[in-house]
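K.L.:
The residues making up each chain are set out below.
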Amino acid sequence: MPPLSSKTDKPKDTKGTLIRLLGYLGRYRLGIFAGVILSLTANIFALIGPKLAGSAITAMEGGAGAVDFKLVYRYASLMLLLYIVSSVVNYMLSFLMMNIGRSVGRKLRADVMDKLMKLPVGYFDTHQTGDIISRVSYDIDVISNSLSTDITQILSSIITVTGAFALMLSIYAPLVIVVVVMIPVYIWYTRYMMRKTRPLMSKRSAMYGMLNGFSEEMFSGQKTIQAYAHEAQSTDAFDIHNNNACDAYYKADYQAAKIGPTVGFFTNLSLALSATAGSVFYMKEMITLGQVASFLLYTRKFSGPINEVANISNEILSSLAAAERVFRLLNEPEETADVPDAKTLSEVAGNVELKGIHFAYVPEKPILQNVNLKADAGKLIAIVGPTGAGKTTIINLLMRFYDPQSGEIRIDGTEHRSYTMTSLRKAYAMVLQDTWVFHGTIYDNIAYGRSDATREEVIAAAKAAHIHKYIMCLPNGYESVITEDGGNISKGQKQLLTIARAMLYDAKMLILDEATSNVDTRTERQIQSAMRTLMKDKTCFVIAHRLSTIRNADRILVIGGGSVDEQGTHEELMAKKGAYYKLYMSQWE
Amino acid sequence: MKTILRYMKPYRRRVAFGVTVKFFGSIGELFIPFLLEYMVDDIVPTKDLSRVLWFGGVMVLCAILVRVANVKANQYASSIARDCTRDLRHDLFSVTVGLTGSQFDSVTLPSLISRMTADSYNVQNFIGMIQRMGIRAPILLVGGVFMAMLLDWELSLVFLCMVPLMAGVVLFVSRHGIPLYSTVQDNVDRLTRILRENITGIRVVKALSREEHEKTRYNKANDELSRSDFRAGATMALPNPLMNLFLNIGLVLVILFGSQRVNSGDMKSGVIITFLIYFNIILGAVLGLNRIFIMYTKAGASANRIGSVLELGNVRPEVAARGPREDVPFIRFEHVSFTYPHLNETVESADREYAVSDISFDLNRGESLGIIGATGCGKTTLINLLMRFYDVTGGRILVDGYDVRSYELSELRRKVGVVFQNDMIFADTLRENVAFGRDIPDEELRSALTDAGIITFVDSHAEGLDYMATKAGANLSGGEKQRVIIARALSGRPEILILDDASSALDYKTDAALRRSIRENHKESTCITIAQRISSVRPLTKILVMEAGETVGYGTHEELMESCEIYQDIYRSQMGGEEYASA
Chain Y
390 MPPLSSKTDK PKDTKGTLIR LLGYLGRYRL GIFAGVILSL TANIFALIGP KLAGSAITAM
450 EGGAGAVDFK LVYRYASLML LLYIVSSVVN YMLSFLMMNI GRSVGRKLRA DVMDKLMKLP
510 VGYFDTHQTG DIISRVSYDI DVISNSLSTD ITQILSSIIT VTGAFALMLS IYAPLVIVVV
570 VMIPVYIWYT RYMMRKTRPL MSKRSAMYGM LNGFSEEMFS GQKTIQAYAH EAQSTDAFDI
630 HNNNACDAYY KADYQAAKIG PTVGFFTNLS LALSATAGSV FYMKEMITLG QVASFLLYTR
690 KFSGPINEVA NISNEILSSL AAAERVFRLL NEPEETADVP DAKTLSEVAG NVELKGIHFA
750 YVPEKPILQN VNLKADAGKL IAIVGPTGAG KTTIINLLMR FYDPQSGEIR IDGTEHRSYT
810 MTSLRKAYAM VLQDTWVFHG TIYDNIAYGR SDATREEVIA AAKAAHIHKY IMCLPNGYES
870 VITEDGGNIS KGQKQLLTIA RAMLYDAKML ILDEATSNVD TRTERQIQSA MRTLMKDKTC
930 FVIAHRLSTI RNADRILVIG GGSVDEQGTH EELMAKKGAY YKLYMSQWE
Chain D
6 MKTILRYMKP YRRRVAFGVT VKFFGSIGEL FIPFLLEYMV DDIVPTKDLS RVLWFGGVMV
66 LCAILVRVAN VKANQYASSI ARDCTRDLRH DLFSVTVGLT GSQFDSVTLP SLISRMTADS
126 YNVQNFIGMI QRMGIRAPIL LVGGVFMAML LDWELSLVFL CMVPLMAGVV LFVSRHGIPL
186 YSTVQDNVDR LTRILRENIT GIRVVKALSR EEHEKTRYNK ANDELSRSDF RAGATMALPN
246 PLMNLFLNIG LVLVILFGSQ RVNSGDMKSG VIITFLIYFN IILGAVLGLN RIFIMYTKAG
306 ASANRIGSVL ELGNVRPEVA ARGPREDVPF IRFEHVSFTY PHLNETVESA DREYAVSDIS
366 FDLNRGESLG IIGATGCGKT TLINLLMRFY DVTGGRILVD GYDVRSYELS ELRRKVGVVF
426 QNDMIFADTL RENVAFGRDI PDEELRSALT DAGIITFVDS HAEGLDYMAT KAGANLSGGE
486 KQRVIIARAL SGRPEILILD DASSALDYKT DAALRRSIRE NHKESTCITI AQRISSVRPL
546 TKILVMEAGE TVGYGTHEEL MESCEIYQDI YRSQMGGEEY ASA
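From first to last, the protein sequence lines stand for chains Y and D. Per this note's numbering, the first sequence starts with residue 390, numbered consecutively. Per this note's numbering, the second sequence starts with residue 6, numbered consecutively.
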C-alpha cells in the first residue's frame with residue numbers, strides 16, 4: 390500500500406536533495422539538452438500552426454472563383470507536414486523524458502538494493518519491512534514519474550509563457566501591463582491556497598494512514614473477530630476511522646476545489662481587462678483591431694501554464710520529499726567494514742571463546758552482561774533459558790550480525806573481528822526458528838548456500854533431512870516452485886528444507902536456533918540420526934525449548950535476565966538443583 | 006461501474022443538483038469567449054466606449070458567476086464522493102469481517118486490504134472527478150460538434166471522418182496499453198517480493214554471503230520492470246499526439262474541402278475561421294474525454310474488485326432449521342469429513358484430498374480433549390469446523406445437542422473462547438485486547454490475566470490494564486503476546502475453551518503453570534487443546550491422535566500408551582532417552 394502521506398509532505402532539505410537528484414540526472418544531460426530542443430520545437434510548432442491556417446484562409450479571401458488554390462494547397466501541405474512532424478516531436482519528447490525518468494528510477498532501485506545488502510542486520514530489526522519496501526515500490530516510482538512528465542511540463546510552460554509574453558510585448562507593450570499585474574495575484578493566491586491546503590492534505594494522509602492500518606489489522610485478525618462475535622463493534626470502530634478519513638478528504642478537497650475555478654477566474658478577469666483596455670487603446674487609435682484579437686489569443690496562452698506550474702510545483706515538492714526519503718536510506722551507516730588487514734578465515738578448527746561480553750540493543754536495556762564461554766572444537770554447547778533472556782543474541786554476536794559493546798569473541802584464539810566478515814560467516818552453518826525460503830524451486834532453496842553442489846549432493850541432503858519423499862510426491866519434484874513465504878508448504882516442511890540446506894553447506898561451526906521447533910516430534914526423531922551426522926565434528930551452538938534434545942550437550946549455558954546463571958553438563962546442573970533443574974523438571978508437571 | 010452507480014444512487018438528487026450547477030458553470034465558461042469575440046468583432050468597431058465598458062463588466066460578472074458555480078459544483082462533487090465512499094467502505098468492511106473462511110481464502114488477505122485501501126481511494130477520486138470533468142468535456146464536445154454542424158454540416162462531416170481513427174486509438178490503447186500495465190504490476194510485485202525475501206531473510210543471506218547473488222537476482226527483476234514499464238509508458242504516450250494529429254489532419258481536410266466550396270461560392274472564408282474556434286473546443290474535449298477514459302479504466306477495475314467482495318456478502322452460510330435437542334454429550338463429532346475447496350489447486354492436495362476424514366469423538370461438559378499429531382495433519386481444521394468457519398463436507402458436529410449449522414453464528418461463537426495459532430494482538434489497551442468488546446469487569450479481566458500468568462507483566466507497567474499494545478503487539482514479546490491472548494480466551498469464562506498451539510512461545514515452566522491454573526480455575530469450561538507436546542495433553546480426559554487427517558488413536562494417555570504406536574512414538578521422542586548427541 391503506497392503511503393499516501395508522501396503525496397503532500399515537504400522535503401526538509403530541499404536544496405541538498407535537489408542537488409543529489411540532479412547528480413542522478415547528470416549522466417543524462419545530453420538527453421535533457423535534446424529534450425529542451427525538442428520541447429522548444431514542439432512549442433514553436435504549436436504557435437506556428439494557427440498562423441498557417443490563418444494564411445490558408447487569407448488565400449481564400451477572394452471569395453467565389455478567386456481562391457488562390459496554389460497558395461491554399463501549399464499552406465495545407467505545410468500544415469500537414471507541420472502536424473506530422475510536431476506529433477513525432479511530441480512523441481519523441483515524451484519518449485525521451487520517460488526513458489530518462491525510468492533509467493533514473495532503475496538506477497535508484499539498484500542503489501537501494503546495493504545499500505540494503507551493506508546495511509547491518511540491526512537496521513532490518515529496527516525498521517519495518519513495509520516501510521523499506523515502500524521506498525522502492527512507491528517513492529522511486531514517484532520520482533521517476535515526476536522526472537518523466539514534470540520536466541517536460543515545466544519546459545513547455547516556460548517556453549509558452551516566454552513566447553506569449555514576447556509576442557504580447559511585440560504587439561503593444563502598454564497593454565502587457567494589464568496582464569502582468571495579474572501575475573502577483575496568481576502567485577499570491579496559489580501560495581495562499583497551498584499554505585491553507587497543505588495541512589489539510591497532511592491530515593487527510595494521516596487519516597488515510599490510520600484507516601489503512603486499522604483495516605489491515607482487523608482483516609488480519611478477522612478470524613479472531615468472528616470467534617468473539619466482535620464484527621459489529623469492529624465495524625463501529627471502523628466507521629470512526631472511515632468518517633475521519635472521509636471528513637479529512639472532504640475538508641482538503643473543499644479548499645482544493647476552489648483553486649481551479651479561481652485560477653480560471655483570474656484568467657477570465659485578465660481576458661476581460663485586456664479586452665476592455667485593448668478596446669480603449671483601439672479607440673484611441675493606438676493599435677489595430679487585429680492586434681487586439683491576437684493579443685487576446687496570447688493572453689489565454691499566457692495564463693494557462695501559470696495554472697499548470699502551480700499544480701506541478703506541488704508534485705515536484707512531493708517527489709523531492711520522496712527523493713529525500715530514498716537518500717536518507719542511502720545515507721544509513723553501513724555494516725562495519727573489515728579491518729584494514731583482515732585475514733580470510735580458512736582452515737577452521739572450531740574453537741570458540743566468548744570473553745567478558747557485554748551487549749545491549751538499546752543502552753538502557755542490557756541483554757548480556759559479562760558472558761564468558763569456552764567452546765572447544767567439536768563440542769556441543771546448549772543455550773537454555775526463558776523467552777527473551779538473550780539466547781538468540783549470542784547467535785547474533787557469533788555471526789557478527791551485531792558487535793558487542795565490550796568483550797571479545799575468539800575463533801581458534803584470534804579475535805573474530807580481525808577476519809573478513811564474509812569468511813567468518815562462511816565458517817558457520819545455521820538453521821533458525823524463523824525458517825526462510827524464497828520464491829523458487831525446491832532444488833534452488835536447498836542448494837542456496839552452495840551453488841556448486843551436484844544434484845546427487847542436493848538429493849542426499851534432502852534424504853538426510855527426511856524431506857526427499859515429500860518432494861518426490863510433488864507434481865514437479867525438485868523443480869516444484871515454492872510460493873512467496875512458502876505458503877504452499879507447511880512450516881515443518883520448510884524447516885526440514887532449511888535443515889537440508891545446512892546439511893549441504895559444509896561448515897566447521899553449526900548454529901541451531903530452535904531448529905526443529907516446527908517439526909513434529911516424530912519427524913524430529915526420524916531426522917535425529919541425520920542431525921547427528923550434521924553435527925559431527927562441528928562446534929555446535931544449540932538453542933532448544935525441548936530440554937530432552939540437549940541433555941547430552943558438553944556444556945549447557947543457562948541464561949536468565951542478562952547473565953549466565955549456570956554452566957555445566959546436564960548431570961552437574963541437575964545435581965546443583967538450580968535454575969536448570971527447575972526448568973527441566975517443569976516438563977514433567 | 007455498476008458498483009459505483011449503485012452507491013451514487015441514494016445521492017442522485019444531490020448529484021443532479023451538482024451536475025446542473027456544473028452544467029451552467031461550463032456553459033458560462035463557453036459563453037465568455039463568445040462575449041469576447043462579439044465584443045471585438047461587433048462592439049469595438051463601433052467605438053462606443055460605454056458599451057465596451059458595459060460588456061467588459063458583463064464579462065467580469067460572468068467570470069464571477071462561473072467561479073462561484075464551479076467552486077460550488079466541485080465542492081458538491083467532493084461531498085458526494087465523501088458520502089458514497091463512506092457507505093461503500095462501511096459495507097465493504099462489514100462484509101469482509103463477516104466473510105467465511107473459504108471466501109476469505111479465495112480473495113486472500115493482501116488483496117482484501119488493497120481493496121479496502123488503494124481501490125476505495127481510486128473509486129473516491131473517480132466519483133469526485135467524473136462529476137467535474139465528466140460534465141465539461143461532453144458539453145464541450147457535443148456543443149462544439151453541434152455548433153459546427155449548424156455552421157456547415159458538410160464541412161463537419163469531413164471533419165468527423167476522423168472519428169473512426171480516433172476511436173481506433175482508444176480501442177488500441179485499451180486493448181494493448183492496459184494489459185501492458187498489468188505486466189508492469191506483476192513485475193513490481195516480483196521486485197518487491199525479492200526485496201521482502203531479502204529483508205526477512207537477511208540473516209540467512211548474510212550468513213551464507215549470498216549478497217552478490219541476491220543483487221544479481223534483484224537487478225534482473227529490476228531491469229525487467231524497467232523494460233516493461235517503459236514499453237507500457239511508450240504505448241500510453243501514443244494517444245495524445247495521435248489524437249492531436251488526427252484532429253489536425255481533419256482540420257487540413259476542412260481547409261482543402263472548404264477552399265473548394267469557397268471557390269464555388271457555397272461558403273464564405275469567414276466560416277472556416279469560426280470553424281477553427283470550434284475545432285479547438287472539440288480538440289480540448291476529446292483530450293479531456295481521453296483522460297476520463299484512462300481514469301475510468303483504472304477506477305472501473307477497482308470498483309469491480311470491490312464489487313466482487315460485496316457480492317460475496319450476499320452468500321452467507323445458511324442457518325439450518327433446528328430439530329429437537331438431541332440427548333448427546335456436549336460436543337459430538339460424528340464421522341466428520343472435510344476438504345478445503347481451494348486446496349485442490351495447491352501442492353498439498355497432490356497426495357491428500359481430505360483435510361480430515363471420518364473423525365468422531367464425544368466430549369461431556371467440563372471434560373477436556375487433547376489433539377496431537379504432526380504439522381498439517383488436520384488438527385486446526387477440526388476447530389475451524391467446530392466454530393463453523395467452514396462447513397463440514399460429510400458427517401456432522403453437535404454442540405449442546407444441536408447441529409452447529411443450526412446455530413446463528415454469533416450464538417455459536419459466543420460459547421467459545423479461543424486462541425488460534427498465530428493469533429492477533431490489536432493496537433489497543435491491554436484491557437480492550439482481553440475484553441475485546443465484551444462487557445467484562447476489570448476484576449474478571451485481572452483474574453484471567455492471573456490465570457494466564459501475565460498479571461505481573463501488566464502490573465509492572467504504571468498504566469496497568471490501560472497499557473497500549475502497539476500494532477501487532479510489537480512492544481510485547483512472543484510469550485507475553487501469547488499469554489494476553491490466552492487471557493482473552495479465558496476472560497469470558499466460555500463454555501468451550503479452545504487452545505490451538507497456544508503455548509508454543511512459552512517455555513515448559515510457564516506452560517505447565519498455565520495448564521495447572523486452567524485445570525484448577527476453569528473447571529466448568531469444556532476444553533479442547535491442540536498441542537505438540539505430550540506434557541500439554543497428558544492430563545486431559547481424552548486425547549485424539551491424528552495423522553494425515555485421520556484418527557489413529559483416541560483415549561486417555563494411559564490407554565494410548567498401551568494401544569497407539571504413534572502416540573508411544575511421540576512420547577518417546579519427547580520424553581525418551583534419545584537426543585542430539587555430540588559425536
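Please note that a few of the clues may not be correct.
Said to hold, decoys possible - Here are some chain Y residues the structure puts well away from chain D; computed CB gaps all over 12 Å:
1. K404
2. R495
3. T549
4. P563
5. Y581
6. P694
7. E697
8. E797
9. I848
10. I900
11. S975
As the list claims (entries may be wrong) - Some residues of chain D that are not near chain Y, with every Cβ distance over 12 Å (derived):
12. D88
13. A142
14. I183
15. V320
16. A325
17. F335
18. D428
19. G442
20. E449
21. T515
Claimed, not checked - The calculated lysine to aspartate or glutamate pairs, modelled on EDC-like cross-linking and capped at a C-alpha distance of 16 Å, are:
22. K763/Y x E797/Y
23. K476/D x E606/Y
24. K496/Y x D228/D
25. K971/Y x D954/Y
26. K763/Y x D801/Y
27. K476/D x E448/D
28. K507/Y x E721/Y
29. K507/Y x E217/D
30. K640/Y x D88/D
31. K507/Y x D228/D
32. K273/D x D457/Y
33. K420/D x E529/D
34. K768/Y x D926/Y
35. K673/Y x D53/D
36. K612/Y x D110/D
Quick caveat, the hints were computed from the structure, so don't treat them as lab data. Ideal Cβ placement from N, Cα and C applies to all residues, glycine included.
K.L.:
For E797/Y, which was marked as not at the interface, is the minimum beta-carbon distance to chain D over 12 Å?
P.N.:
Fine: 21 Å to the nearest Cβ keeps E797/Y off the interface.
K.L.:
With the threshold set at 16 Å, check whether the alpha-carbon distance from K971/Y to D954/Y stays at or below it.
P.N.:
holds (13 Å)
K.L.:
Hey, does T549/Y actually stay past 12 Å from chain D on C-beta?
P.N.:
holds (15 Å)
K.L.:
Tell me if the straight-line CA distance from K420/D to E529/D falls inside 16 Å.
P.N.:
Status holds; Cα separation ~12 Å.
K.L.:
Hey, does R495/Y actually stay past 12 Å from chain D on C-beta?
P.N.:
violated (4 Å)
K.L.:
F335/D clear of chain Y by more than 12 Å, beta carbon to beta carbon?
P.N.:
F335/D clear of chain Y: closest Cβ-Cβ about 18 Å, beyond 12 Å.
K.L.:
Is K496/Y within 16 Å of D228/D, Cα to Cα?
P.N.:
holds (10 Å)
K.L.:
Run the distance test for K476/D versus E606/Y: straight-line Cα separation, threshold 16 Å.
P.N.:
holds (8 Å)
K.L.:
For the pair supplied as a hint, K507/Y and E217/D, is the alpha-carbon distance within the 16 Å limit?
P.N.:
holds (11 Å)
K.L.:
Since P563/Y was said not to touch the interface, does its Cβ keep a gap of more than 12 Å from each Cβ of chain D?
P.N.:
holds (17 Å)
K.L.:
Beyond 12 Å from every chain Y Cβ: check whether that's true for E449/D.
P.N.:
E449/D clear of chain Y: closest Cβ-Cβ about 15 Å, beyond 12 Å.
K.L.:
Given the hinted pair K507/Y and E721/Y, is their Cα-Cα distance within 16 Å?
P.N.:
Between K507/Y and E721/Y the Cα gap is close to 10 Å, so the pair holds against 16 Å.
The structure fails to meet hints 2, 10, 11, 12, 18, 19, 21, 27 and 31 from the earlier list, while all remaining hints are met.
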